Amino acid sequence: MKIIISTLGVLLILGCDPFVTEFEDSSDAVMYGANSKSDAAYDSGDVKVVTWNIRFGIAQFPFFGDSCGDDVILDDDTIEQNMAAIADSLNAMDADIVLLQEVDVSSKRTGYMDQVQYLLDNTNLNYGCYASMWKADFIPSDGIGRIDAGNAILSKYKLTDAERIQLRLRTDQDGLTQYFYLRRNIVKAKIPALTQGAQDFYAVDIHATAFATDDTKQQHIDKYVETLAEIHDGGDLFVTGGDLNSVPPGSSTDFCESDMCAGEDFHTDEAEEYHKEGSYFENFDGEPDILLPLYDTYDAAIDSASYNLPEHFTHAPSTSLIDDTTATMYDRKLDYLFTNGTWDSSSGRTHQAAWELSDHLPVSAVLNLGGE
Amino acid sequence: MKKIIFYFIIASLVFGETKKWDAHSAYLLPQKRWEMGLFQPFRYGYSESIEYSVHPLWFFVMPNLSIKKSQSDFAGFTSASQYKMVYPTPFLNMIAKEGTMGIIAPEFRMPPMLGLSASWLMSKTIFPFVSPYSLIGLDLTLNVGLDLGVTFGDLDTRSTIDIPLVYHRLGVYYNKWGIHTGLDVQKNISEKIGVLVDFDLRLLPGLAEVQIDPDASKLMGEYSLEHKFLLIWNKSENFRVLTGYKFVMGEYPYGSDMRLLPYIPMAETWVPIIEFQWARKKR
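As they're listed, the protein sequences go chains A and B. Note that the working numbering has the first sequence beginning at 1, numbered continuously upward. Note that the working numbering has the second sequence beginning at 1001, numbered continuously upward.
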């Protein structure tokens, strides 16, 4: 009997990992290292930072979840080609710190490729930390199956104290949907090599909600602002960015018509939903100005004089078309970089030439360190 | 063909040992007795040497049939052969869909597929008088068999269902063949109470090599080891209740995994198997 009870105890421990992983408010991020590290010593000078939602390496694939497509699983060869192109782009940018969103590390839809490890092994970046936003043994919907996707910080220099900060879950979903749905987060890490005197240096990466129709986005931005304020008030330095899924103040807030798929109907009384989820940016009071606290407090890579210019748009759904044959490459800005230090003037760039590699475009800027 | 028919006729004359409540052994059901359970197939003792079984609830979406046939004793073991046939295509296409319960991505259409399986079973009662408490000793059953997955069309390797229990059973269609073997041990510990412990190994030889082939991409999962423990309460010869657990570990496209079953996802907990089984004898 003792043997049976002991065996059952062991099996209970080994065989009862959560089916869907839920997270504490604060937990450790998963640490990564490149298999072969390039010269990682920081020898003063400016630091280049990039943020990029890489859409888990599926480029313009008509994925069902964020476009008008109805496909789910891309073939492995194409994913590898896309990831190689993303790695090439990052190498060409020669960034010191890269803030990534929508990175798969063990997902059926992308052939279980560990994209964090792939990028570390194929770029001049050496260290990484990862925080899952969607981790489940099996999602029984749309053939998604096993999933582990999230945010990652990659860096030439060693990362420490990497923390995953949980963002509030959506409240506009039923319990079953919420159980299997995304758990968005902020991932924060310290980079000791970039410490400036008594100022520790942090990188902070966020991917805020895209499709919530309640006040979840406000909660996410509030938590983000709070996280940055803690660093700033502590006298430390940060670079931060990500896919905030929010348009800049003064931007158009209604993209329902341009994002509409065949057979859909919005802005009519007959429509099932008046606005398309993820395409409308006035779901609650103050949403159009939700980013003002960030712009008012910190230095933006793309400043308020430029953020509504088309050359700084960073996103369009992958299936959006101008006409029957011409893709909409970008029609709004959703991706941002900020610092409580100072960006080199005019260093902020939106890399629109990379539009074919994702449905978001990378944004980069150079941080002026040491007053140079 | 005549030889095959002749073989079956001759072989049918070999009467095997019969036994109640012993689905996984080489013993056949007594003639005209049927047994079924919530999660077990409907079994029927057609004759002293042939037993049929079918999963009735699954039958309309996944036609299936199994025949167990007694064979001559081998090395002191009661022996039987078992042949299974399953056509999973309708069910798999039902779950290849958009939305909730879309288990397979909707872009995939599963071609007609036929699963064939042949097993050899050998049973024996060992240690008949182990202790004063032993009623009839240990019932031991060994089985080994070959599985074939015949597909009539292109089967996309991305359409696998990568979860324990399912992946290796359907893996036969992607690998074209597989091997299974197992050991069952059953013992009555009182007049009404018994225990069953089993171990089953499924192998998909060559699947790892297929994965290395870039044309076939991400297919792995060479083995799956399943273990079950059941406590059995035999209320009568017509009804019994079973409870216990099933443990499965193996290699999957994403790596090694293990899981204690049944597992309730939203409660994030294991719960015991509860199985009811009924039987009757047709007059």
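For the record, the hints were derived by calculation from the structure and aren't laboratory data. If you're wondering where the values come from, they're calculated on a predicted model, not measured in any experiment. Hints may contain errors.
[Said to hold, decoys possible] Pairs of lysine to aspartate or glutamate, EDC-like flavour, derived with a Cα cap of 20 Å:
| no. | chain 1 | residue 1 | chain 2 | residue 2 |
| --- | --- | --- | --- | --- |
| 1 | B | K1097 | A | D70 |
| 2 | B | K1097 | A | D66 |
| 3 | B | K1097 | A | D17 |
| 4 | A | K2 | B | D1198 |
| 5 | B | K1019 | B | E1237 |
| 6 | B | K1228 | A | D17 |
| 7 | B | K1097 | A | D71 |
Original post:
Of the hints given before, which are not true for this structure?
Top reply: Result: hint 3 breaks, nothing else.
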